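In order, the protein sequences belong to chains A and C.
Using my numbering, the first residue of the first sequence is number 2, and each one after it goes up by one.
Using my numbering, the first residue of the second sequence is number 9, and each one after it goes up by one.
Derived by calculation from the structure, the hints in this document are not laboratory data.
On a predicted model such as this, the values are computed, not experimentally measured, just so you know.
Each statement offered as a hint is correct.
The list that follows gives simulated cross-link-like pairs (lysine-lysine, DSBU-like), each with its CA atoms no further than 30 Å apart: (1) C:K80 <-> A:K32; (2) C:K219 <-> C:K201; (3) C:K74 <-> A:K31; (4) C:K80 <-> A:K31; (5) C:K219 <-> C:K231; (6) C:K60 <-> C:K74; (7) A:K32 <-> C:K201.
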Amino acid sequence: MTSSHPAPLRPTGTVADVHVYEPHRAGLPKKIGPYFRELWERREFASELSRSGIRAANTRTVFGQVWLVLNPLLLALVYYLLVNVLSGQSQGMDFFAHLTAGLFTFYFISGCMGTGAASVVGGGRLLLNTAFPRLLLPLSSVRTAFYRFLPTLPVWLVFYLFADSRQFTWLTLLSLVFLAMIVVFSAGLAAIFATLQVYFRDTAAFLPYFIRIWLYLSPVILTVDRLHAYAAKAGAEHLLYLNPLYSLLGGFTELLVGSRMPNWHMWVAAVSWTLIAAVAGAWYFMSRERDFAVRI
Amino acid sequence: MDPMDEAELARQAARAQRAAARAERAAGPVAVRVQNVSITYRTTFERVPTFKNAIVRFGRGQKAVKEIEAVKSVTFDVPVGTSLGIIGANGAGKSTLMRAMAGILPPTSGRIEVHGRVSTLLALGVGFNGQLSGRENVILGGLASGLSRREVEERADEVAEFADIGEFMDAPMRTYSSGMFSRLAFSVAVHMKPDILMIDEALSAGDAVFKRKATAKMSELMKSSRAMFLVSHALASVRELCNDAIWLHQGKLMMHGDPEDVISAYNRFMEVGEDAFNLEDL
Numbered sequence: 002m003t004s005s006h007p008a009p010l011r012p013t014g015t016v017a018d019v020h021v022y023e024p025h026r027a028g029l030p031k032k033i034g035p036y037f038r039e040l041w042e043r044r045e046f047a048s049e050l051s052r053s054g055i056r057a058a059n060t061r062t063v064f065g066q067v068w069l070v071l072n073p074l075l076l077a078l079v080y081y082l083l084v085n086v087l088s089g090q091s092q093g094m095d096f097f098a099h100l101t102a103g104l105f106t107f108y109f110i111s112g113c114m115g116t117g118a119a120s121v122v123g124g125g126r127l128l129l130n131t132a133f134p135r136l137l138l139p140l141s142s143v144r145t146a147f148y149r150f151l152p153t154l155p156v157w158l159v160f161y162l163f164a165d166s167r168q169f170t171w172l173t174l175l176s177l178v179f180l181a182m183i184v185v186f187s188a189g190l191a192a193i194f195a196t197l198q199v200y201f202r203d204t205a206a207f208l209p210y211f212i213r214i215w216l217y218l219s220p221v222i223l224t225v226d227r228l229h230a231y232a233a234k235a236g237a238e239h240l241l242y243l244n245p246l247y248s249l250l251g252g253f254t255e256l257l258v259g260s261r262m263p264n265w266h267m268w269v270a271a272v273s274w275t276l277i278a279a280v281a282g283a284w285y286f287m288s289r290e291r292d293f294a295v296r297i
Numbered sequence: 009m010d011p012m013d014e015a016e017l018a019r020q021a022a023r024a025q026r027a028a029a030r031a032e033r034a035a036g037p038v039a040v041r042v043q044n045v046s047i048t049y050r051t052t053f054e055r056v057p058t059f060k061n062a063i064v065r066f067g068r069g070q071k072a073v074k075e076i077e078a079v080k081s082v083t084f085d086v087p088v089g090t091s092l093g094i095i096g097a098n099g100a101g102k103s104t105l106m107r108a109m110a111g112i113l114p115p116t117s118g119r120i121e122v123h124g125r126v127s128t129l130l131a132l133g134v135g136f137n138g139q140l141s142g143r144e145n146v147i148l149g150g151l152a153s154g155l156s157r158r159e160v161e162e163r164a165d166e167v168a169e170f171a172d173i174g175e176f177m178d179a180p181m182r183t184y185s186s187g188m189f190s191r192l193a194f195s196v197a198v199h200m201k202p203d204i205l206m207i208d209e210a211l212s213a214g215d216a217v218f219k220r221k222a223t224a225k226m227s228e229l230m231k232s233s234r235a236m237f238l239v240s241h242a243l244a245s246v247r248e249l250c251n252d253a254i255w256l257h258q259g260k261l262m263m264h265g266d267p268e269d270v271i272s273a274y275n276r277f278m279e280v281g282e283d284a285f286n287l288e289d290l
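Model the full structure from these sequences, guided by the hints.
Now the structure itself:
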């Protein structure tokens with residue numbers, strides 16, 4: 002590299018805080034370690050962004066924060082009507098407890114995708130004028146989605162207490178492992194959709210339809226057993242594992258509602274999909290993020 | 009002696025003094041070193057990039073991205089103690105260069121070395137979410153730029169006091185007037201206690217009283233920060249606050265030197281008299 006004003010050799014500066022910026026566009030940051038260290042140091046930003054976002058979202062509504070509980074209640078009501086009244090046959094509380102567990106968790110995943118997709122594009126001026134690890138933005142939206150998901154748990158619990166099959170064993174606790182995998186998987190998805198949204202603003206418009214189809218393909222309205230039976234009839238039970246939510250959401254509801262240990266296929270598939278989503282999401286996002294400031 | 013000559017002599021003496029001071033600073037440590045930096049970015053002229061357009065373009069074999077050479081092989085050193093004015097016409101690459109020094113845009117070629125914590129134009133990020141209050145915006149910006157929660161909360165109070173916008177500090181920013189908005193932005197910029205301060209056009213903030221307060225604050229900061237950058241079209245504030253200046257034109261570094269010289273060369277080049285700038289300079 003040549004410089005038209007070659008600088009004389011002398012010690013430069015006394016502060017330890019030296020930053021060097023050199024050409025680097027596509028691909029991962031040269032040093033992954035410092036990136037994640039900075040990410041961890043600024044985690045407070047992600048949680049504060051999510052906290053104030055939740056606070057601001059409902060300030061103009063009459064019910065305010067009550068919406069966090071009202072939403073899942075109304076959602077449950079809609080599906081209650083759909084399943085019990087419109088289909089003309091009562092499905093019983095067991096099924097309803099399964100349905101709400103799957104549905105609320107599915108809405109958490111779709112919430113991650115939706116708010117994740119909006120997170121970078123909505124960062125606007127902050128993104129243009131402040132240097133920080135951009136991965137904080139989709140992670141913050143995962144936190145937001147999770148805090149919207151938490152109030153649904155007591156709602157589900159009420160239904161479950163009325164179900165005949167209710168039982169609380171160590172398997173119930175083990176479902177937390179699957180929930181943790183779902184959170185990591187969703188974080189990967191949030192990063193992927195956040196990046197896609199920067200390049201194709203249509204992503205957010207396509208999402209609701211994509212999510213709706215995914216809902217019907219996943220063990221939410223149908224149980225894992227029923228889905229498996231259908232697929233086995235067509236001789237395509239292995240194709241089920243191509244849907245990450247078959248193993249992740251299916252394993253979670255089997256443990257939580259059915260108190261049944263998922264078979265080892267489910268475990269392997271769930272762990273694999275979690276790793277794939279997390280690595281692919283982080284890689285795709287981080288290799289693109291330096292481009293965001295000129296694309297917004 | 010003729011009073012005209014006397015004034016001229018005084019000016020020359022002041023200039024010689026400034027030149028000596030510049031030479032002295034140049035012998036000391038650098039705060040920022042910009043070496044042969046070019047910044048080319050690809051952007052799209054589509055107003056909103058969509059999937060349909062991408063497919064149509066792909067079908068026609070067109071490319072949507074256009075390369076913009078915002079900064080072309082710029083080299084300069086900023087020694088500690090410098091307050092550098094960056095002047096130039098609209099689209100000269102001033103803001104792009106500042107963003108590169110703040111680590112937001114990577115350079116396409118060349119190297120930038122920054123010694124110290126940069127304020128990263130934080131001020132201009134304030135108000136990124138109109139639903140949030142001024143205080144929340146300030147706290148979020150501070151946390152994003154790496155301050156701890158305790159530091160940020162302390163500073164938020166100082167910011168509120170200096171901006172003097174009263175109870176609006178806790179109201180959603182969509183309710184702000186443009187004056188309140190820029191007062192808050194300026195106040196954030198000067199209260200984050202960075203080693204290297206960058207201010208982009210923020211001096212045009214607020215009314216005459218606030219402008220005077222802002223200028224006083226800037227002079228005070230010049231003493232405490234390692235270096236300061238001021239991007240401004242208000243040439244009088246560059247002359248008043250800066251002891252070094254660069255002039256960019258279409259991405260090229262045209263001149264680097266004493267603010268007086270750079271400003272008069274710039275004015276000659278743009279073929280506008282000094283009067284043209286007096287309106288905005290107060």
